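Trainee: Spelled out from the first residue to the last, the chains are:
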Amino acid sequence: MDEQEFTAWAAGVERRLLRSAYLLTGDLHRAEDLVQEALVKVALRWDRLRDGNPTAYARTVVVRDNVSWWRKHRRELTVEEPAVAAAVSSDPDAAMVVRRALGRLTPAQRAVVVLRHFDDLSVEETATILRVAPGTVKSQNAAALARLRDGAPELLDLIGGTRD
Amino acid sequence: MTDPAHDLHDVLERATDRLEAPGGAAAALVSARRRRRTRHAIAGSAAAAVVVAGVAFAGSLGGDAPREPEPAPPVETELIAEVWLDQEVLDALPPAAADVAPVLPDVLRVPDLAPRIEDDPMEAAVLSVDDDADVLLLGTDGRWHCVVVADRTDAAPTLSPDGTRLAVGVDGGFEVIELATGERTFREQEPDVERSWDIDLPVVPPGWELRPVAQLDDGSALLFVAPGPGTPGGWRIVRWDPGTSTGDLASVTRTSSSPAKATSFASDLLGSS
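Respectively, the protein sequence lines represent chains A and B. According to this note's numbering, the residues represented by the first sequence are 1 to 164, in order. According to this note's numbering, the residues represented by the second sequence are 165 to 437, in order.
Isolated chain B (complex conformation) (with noise of 0.2 Å):
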């Protein structure tokens, strides 16, 4: 008796036995040589800024650009979590709150397909989630646009307080990108320097994640907590006082129809009371 698994396999590889490789190891260096030295000469005239580790370049896209490097915050190398936030705490969270996140849909629906900022531009983005392929951005009309970026990082991209600018990791550092227009900048990464959250974190249940995406002018923290792989459970957005017990977290629980996360928000447009 045949393994119709193992034949599949035999199919696909003589439906492909005439391929040979192409022999691009050579042309790719050279590729890669030359895109190190395109960004490192843009980079040679724009300011140099600070790519956070984990929430990634929020410090360096509040306010106007260009602007100023901001002196690097001291390293934090340990997270000291004292609080859980277990399943029965994000259980009982309330179900929306309307003071955090009030132009975010119940459920977020990430569409397979969303203009680019380039064909249709965008004033603002509240929301920018990461398809694998691309990153999704939610703009104040509730509508989605789309933004491409070739060689990405494994970075969070990362909105700017205001929504108006979305910062995306590549290699050697990051392109800074105007909503409005478009317009992109490369900004390379400063080497070895990191800035991490100065609070401490909550602990979330085995089977789910966290991750700070936006830290508000009163001190606290959002949060956004989701279900991992296999988990069942919707996103929630926390927000994560440092000084007061979980007791004191507030939360807008949403659900989504798609495998994409959340990697920032734009915090001044999220209301903070």
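Next comes chain A alone, as it looks inside the complex (with noise of 0.2 Å):
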């Protein structure tokens, strides 16, 4: 494989991936093991992927993986330090009010909010990487938005957006 190549690539998709990675699982830690494991199995596949979309492979691994992760351990929960959202944002209000917003979405609704609306992927490619229809992921994201309507009002706050 074309290592420098490789290289390349991941120096340029690399922190978009961890923080994406973060908004998923609300656990820095973690999120950096998700995009590590991603790189590799890129690597893995590199020759494969190098011509077709290997961002978009790495961020489905992210996503799957993640999922994995989450059947095998739903019931532990990480506590966020504010040491931590300081260390993952100029603004660890906004960074604590988000992971506890975000936390209250279903694994499915978060991953459909951050592929949409932070990774700014389209309905047909969200619905791609999460092997749903793209109805599921509109559904999906409407629920989602009115679960943080209704149940995260100090992320309304940040967003100036209103509670009704």
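Keep in mind that a hint or two might mislead.
To be verified - Which chain A residues face chain B? A few, computed with CB under 7 Å, are given here:
{"#": "1", "residue": "Asp2"}
{"#": "2", "residue": "Glu3"}
{"#": "3", "residue": "Thr7"}
{"#": "4", "residue": "Glu14"}
{"#": "5", "residue": "Tyr22"}
{"#": "6", "residue": "Leu44"}
{"#": "7", "residue": "Val84"}
{"#": "8", "residue": "Ser89"}
{"#": "9", "residue": "Asp91"}
What the hints assert, rightly or not - Label-pair distances were calculated between CB atoms; the ranges are:
{"#": "10", "chain 1": "B", "residue 1": "Glu282", "chain 2": "A", "residue 2": "Ser122", "range": "37 to 43 Å"}
{"#": "11", "chain 1": "A", "residue 1": "Gly12", "chain 2": "B", "residue 2": "Pro285", "range": "43 to 49 Å"}
{"#": "12", "chain 1": "B", "residue 1": "Gly187", "chain 2": "A", "residue 2": "Thr128", "range": "24 to 30 Å"}
{"#": "13", "chain 1": "B", "residue 1": "Pro275", "chain 2": "A", "residue 2": "Lys138", "range": "44 to 50 Å"}
{"#": "14", "chain 1": "B", "residue 1": "Arg273", "chain 2": "A", "residue 2": "Glu154", "range": "33 to 39 Å"}
As the list claims (entries may be wrong) - So the derived list for chain B, only partly shown, Cβ under 8 Å to chain A, looks like this:
{"#": "15", "residue": "Leu172"}
{"#": "16", "residue": "Ala196"}
{"#": "17", "residue": "Leu374"}
Treat the hints as calculated values from the structure; they're not laboratory data. Note that the structure is predicted; figures quoted are calculated from it, not measured. Beta carbons are placed, not taken as given, at the ideal position from N, Cα and C, and that holds for glycine.
From these two lone chains plus the hints, build me the complex, please.
Mentor: Take a look at the structure:
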């Protein structure tokens, strides 16, 4: 494989993947593990992926591995320390609010919100990663936003929206 | 007037703006090299086997392990589909056929969680389902179990005909998992060798997917026919006789509460009369 090419690709996407993984999990260490595993899997398949869309593949690995982890450890709750919030954001209060708000969502809803509203993926791209129908993405997105609207008013304060 | 979606994006950006790239490319390359070496070392003592395109490993799973690799069958480069399984035919199929898959429930409710086979071994499975993250197996006792495999490929996980083993594609080959013990063996994929079905498969309506999942002793095949994304309807398990017309199809129509997909059946456990 062309390791220089892989390294250049990884350098360009790694930060975004980590931020996305953190929003998916709310756990910085787990986010780092997910991204690292995604990079390994891309490296293993680089010759096949290089001419396609390795970033989409990496993003898919992050999301699906997170689902797999959640299935096995769903009773484990991580506690976010203020120090971590300060490490991930220039606005630690906002980081804490976002983390708590996303924690109110189901894993599927959370994935849809992150992919659609942070990674800016289309409905179709999100559906492909989650292996669901586009209509499911739309309904999950609507349900997630409704849950945030009802259960996380502090997030609405942050984005300047109304609570009604 | 602000756009709430745009504002949500901005908040998510702000909530993570100090996260920097950890620089994991070099470590990823090292891990990738190590995994390749490990697999190749394991493969050196394992019988090489043929991975079947589409239906994957069924040919290499039959009989007692380990077994000598079988000669590679000829590669089918083109399947001539002359018969359509159109919507009317699918809808007209018998709702249940007692002689096909009698051990399957009428409604397949794939669970969110199931015990791992390492923690709760199973004697045999009749059906494997790919739920994206893990492989779920429906046991002959009606209980679901879970198989977790890191680095899975897109190849469909496949049960052995007797349902006691599962093959799951991984990079460079596949893992064969003994369901009674959880023991795993890596088998390297022979490069550029594929086996395909030596029967003509029917064509399904637009929006539907067809996958051959088992070949029975009488020459017929079990096909998994399922609605694709956005297409309403339930699964069909169709027993397809390539020597006859669509009127000779038998089927079991099942529904599922999950978007997960069946990938293989243990053909010996399904009945073939």
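Trainee: The structure should be examined with respect to each hint, and the outcome stated for every one.
Mentor: Hints versus structure:
At a threshold of 7 Å, the smallest CB-CB gap from Asp2 (chain A) to chain B is about 11 Å, leaving the interface hint violated. Interface restraint check: Glu3 (chain A) against chain B, minimum CB-CB distance 6 Å, threshold 7 Å, status holds. With a least beta-carbon distance of about 4 Å to chain B, the hint placing Thr7 (chain A) at the interface is held under the 7 Å criterion. Proximity of Glu14 (chain A) to chain B holds as hinted, the smallest CB-CB distance being about 4 Å (cut-off 7 Å).
Checking Tyr22 (chain A) against chain B by beta carbon gives a least distance of about 6 Å; that is within 7 Å, so the hint holds. Annotation: Leu44 (chain A) was flagged as interfacial toward chain B, and the flag holds, the nearest CB pair being 5 Å apart, inside 7 Å. With a cut of 7 Å, the hint placing Val84 (chain A) at the interface with chain B is violated, because the nearest CB-to-CB distance is about 11 Å. Annotation: Ser89 (chain A) was flagged as interfacial toward chain B, and the flag holds, the nearest CB pair being 5 Å apart, inside 7 Å.
Residue-level restraint check for Asp91 (chain A) holds (minimum Cβ-Cβ distance to chain B is 5 Å; threshold 7 Å). Here the CB-CB span from Glu282 (chain B) to Ser122 (chain A) is close to 39 Å, well matched to the stated 37 to 43 Å. Evaluation of the 43 to 49 Å hint for Gly12 (chain A) and Pro285 (chain B) yields a pass: the beta carbon distance comes to about 45 Å. In this structure the hint that Gly187 (chain B) and Thr128 (chain A) lie 24 to 30 Å apart at CB holds, the actual value being about 29 Å.
Between Pro275 (chain B) and Lys138 (chain A) the Cβ separation comes to about 26 Å, which falls outside the hinted range of 44 to 50 Å. Range check, Arg273 (chain B) to Glu154 (chain A): about 37 Å between beta-carbon atoms, so the 33 to 39 Å window is met. Annotation: Leu172 (chain B) was flagged as interfacial toward chain A, and the flag holds, the nearest CB pair being 5 Å apart, inside 8 Å. The interface hint given for Ala196 (chain B) is met, as the beta carbon of that residue sits about 4 Å from the closest beta carbon of chain A, less than 8 Å.
The closest approach between the C-beta of Leu374 (chain B) and any C-beta of chain A is roughly 18 Å, which is over the 8 Å cut-off, so the hint fails.
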